[in-house]
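Can you make the complete structure from the sequences, with help from the hints?
In order, the protein sequences belong to chains A and V.
For the first sequence, the positions run 1 to 112 when this note's numbering is used.
For the second sequence, the positions run 1001 to 1481 when this note's numbering is used.
Calculated from the structure, these hints are not laboratory results.
Here a beta-carbon is modelled for each residue, glycine too, at the ideal position from N, C-alpha and C.
A hint or two may mislead.
[Said to hold, decoys possible] One-sided excerpt, in silico: chain A residues whose CB lies under 8 Å from chain V: (1) Phe45; (2) Tyr51; (3) Lys90; (4) Phe92.
[To be verified] Calculated from the model, a selection of chain A residues having no Cβ within reach of chain V, i.e. all distances over 10 Å: (5) Asp18; (6) Ala23; (7) Gln39; (8) Leu56; (9) Pro57; (10) Lys58; (11) Asp68; (12) Lys72; (13) Arg82; (14) Ile86; (15) Ile100; (16) Gly108.
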Amino acid sequence: MIKIEAILQPSKLDAVKDALLEAGIEGMTILEARGHGRQKGHTEFYRGREYTVDLLPKVKIELVVKDDQKEKTIQAIIGAARTGRIGDGKIFVSPVAEAIRIRNDERGETAL
Amino acid sequence: MCRRGIKLLLLLAVLGVPGMALAVAPDLAPPASAPATQAQIAALQQAINNQQAATASAQSAGDNAWMLTSAALVLLMTGPGLALFYGGLVRRKNILGTMMQSFAMMCLITVLWAIVGYSLAFGPGNAFVGGFQNLFLRGVGVTPNLNYAPTIPEQTLMIYQLMFAIITPALISGAFAERMKFSSMAVFLSLWSLFVYCPMAHMVWGVGGLLNSSNIHARFPSFDFAGGTVVHITSGVSALVCCLYLGKRAGYPHTKMQPHSLVLSFIGACLLWVGWFGFNAGSALAASPLATSAFVNTHFATAAAAIGWAVAEWIHNGKPTALGAISGAVAGLVAITPASGFVQPMSALIIGLVAGVVCFSMVFLVKSFFGYDDSLDAFGVHGAGGTVGALLTGVFAASIINPVFKDAAGNPLPSGVIDGHWGQMINQSAGVAIAWSISIVGTLVLLFVVDKVMGLRVSPEQESEGLDLSQHGEEGYDFNT
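Written out as structure tokens, the structure reads:
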């Protein structure tokens, strides 16, 4: 089992969610986050003082999928989220040691 | 036979025509009996008296209706107008604390005013302050007080003026936002209301007041229709003293301290604009043409000032901000306050435009030059706007709008510079100078006393935690429930 974490532009959330559902991936966790990579922030004014806002709103999706679903999932996300410009986001992949369904104590890939 | 008939006909005509005239106009005839006519005259006199009473009653009803409405509008300016305006400008962790400062004034000042405040401001006394004649509102009932407003119950005047007494200290809270203890704020502003506001109100509006333009013995009859000096200069200058005494917020000016909700501030500013019609037009103390004048002037000045600030900011910073536009509007409202019942509509546009640009400069240039932390620009908008407005009132006051000065025969005399009365600028300056002085001295003394007794500022930990949690044990917003 692997965990896929994708940091996205908030405006891309709906498209990515739909793409994942179409690819057969049903479980996901969405978090609201702030951050930046190489993308520059923007300036805001308050009473004549200029402030640089460099913590930009982002959306993070976390998914845990079976090993054979990895490529499908990644392609779904990239297909929906890519615009070609700086700020599209990043995907991180890591192994998952265990997965447990709380309702009935199922373990392993069947718990996903 | 024919000639006699003709003579008879002529005789009848000669007697008949005047006879018919007498029949049609019975009052030309001498009275048949004296008592019946006297009864008629008495009845007519009674009818005239009734008519006059009915007219006076209708006038009173109109005036009282407008004045009670105005009182409600002015209260709306504090709650929620000012509460929202200031609340939106502070960081999220201080929203409740900020709103509570306005709300506390709505409650505390009411009680103080009822007990002694009204008496000190509007009761008879000397040129500087009233007395204790109306302690516990003794004598303040439905009978009009002829010194102030002959057509409305004195209680209406009292409740209307109370709303002014409420908002004035609430305005000061903008200067010490995010760092003052709730208990100390309550004590300090209550004392301020008694020792600074009431005397100033008495001097400008009270019977025998030193600056009262309707007091023929006034040393410096100053034009202040709705409280440019009484409310705005005092609160604005006191605000400056407060922010200098208390010091800057922790982290100012390096840390970003943005308004957490300009939406709330926007709503608050619009409520202030609408409420201010009660503040200015209500100061006519009647539903009169003068109220109309004040209403129109208020609206015109506000619009012009918002444009003035927005354009100045557009040029200076490249973009017209929403905060700038609403701040400009408030600056215009402040500046037109003393002038509203004295100037012509076109003058109001000019006053507004000047105030918008001047207050913009105060906030953007002067504040950053000196580096004081007037957190919500109470001094920049109210202190500066009030001063500009009070002085421009002397320039633009026209007797054609409000003939305050009259000669022995009752003819209007020139009011302001626009009428040719340059001397009025001395009177206006005296009002401004007294407002500044009493504010600086009174505020310093009271801050010092309250500081020594109970401390003014929250601790650094409390300031970091926020007023909502540290002072009130609450959070303004809970996004988790």
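Verification of the hints:
Among the interface hints, the one on Phe45 of chain A holds; its C-beta lies about 6 Å from the nearest C-beta in chain V, closer than the 8 Å criterion. Using the Cβ-Cβ criterion of 8 Å, the hint placing Tyr51 of chain A at the interface with chain V is satisfied: the shortest such distance is roughly 5 Å. Hint status for Lys90 of chain A: violated, given a least beta-carbon distance of 27 Å to chain V, over 8 Å. Of the supplied interface hints, the one on Phe92 of chain A is violated, with its beta-carbon coming no nearer than about 27 Å to a beta-carbon of chain V, more than 8 Å.
Residue-level check passed: Asp18 of chain A sits 26 Å from the nearest beta carbon of chain V, beyond 10 Å. At roughly 32 Å from the closest C-beta of chain V, the C-beta of Ala23 of chain A stays outside 10 Å, upholding its exclusion from the interface. Listed as a non-interface residue, Gln39 of chain A keeps its Cβ farther than 10 Å from every Cβ of chain V; the least gap is roughly 19 Å. Listed as outside the interface, Leu56 of chain A is consistent with that label: its C-beta sits roughly 15 Å from the nearest C-beta of chain V, beyond the 10 Å cut-off.
Residue-level check passed: Pro57 of chain A sits 15 Å from the nearest beta carbon of chain V, beyond 10 Å. The non-interface label for Lys58 of chain A is consistent with chain V: the shortest C-beta to C-beta separation is roughly 18 Å, beyond 10 Å. With a minimum CB-CB distance of about 38 Å to chain V, Asp68 of chain A clears the 10 Å threshold, and the non-interface call stands. Non-interface call for Lys72 of chain A relative to chain V: holds, since the shortest CB-CB distance, roughly 35 Å, exceeds 10 Å.
Residue-level check passed: Arg82 of chain A sits 31 Å from the nearest beta carbon of chain V, beyond 10 Å. Ile86 of chain A, annotated as away from the interface, keeps every beta carbon of chain V farther than 10 Å; the closest lies near 24 Å. Every Cβ of chain V is farther than 10 Å from the Cβ of Ile100 of chain A; the closest lies at roughly 26 Å, confirming the non-interface assignment. Against the 10 Å criterion, Gly108 of chain A stays outside the reach of chain V, whose nearest CB is about 33 Å from its own CB.
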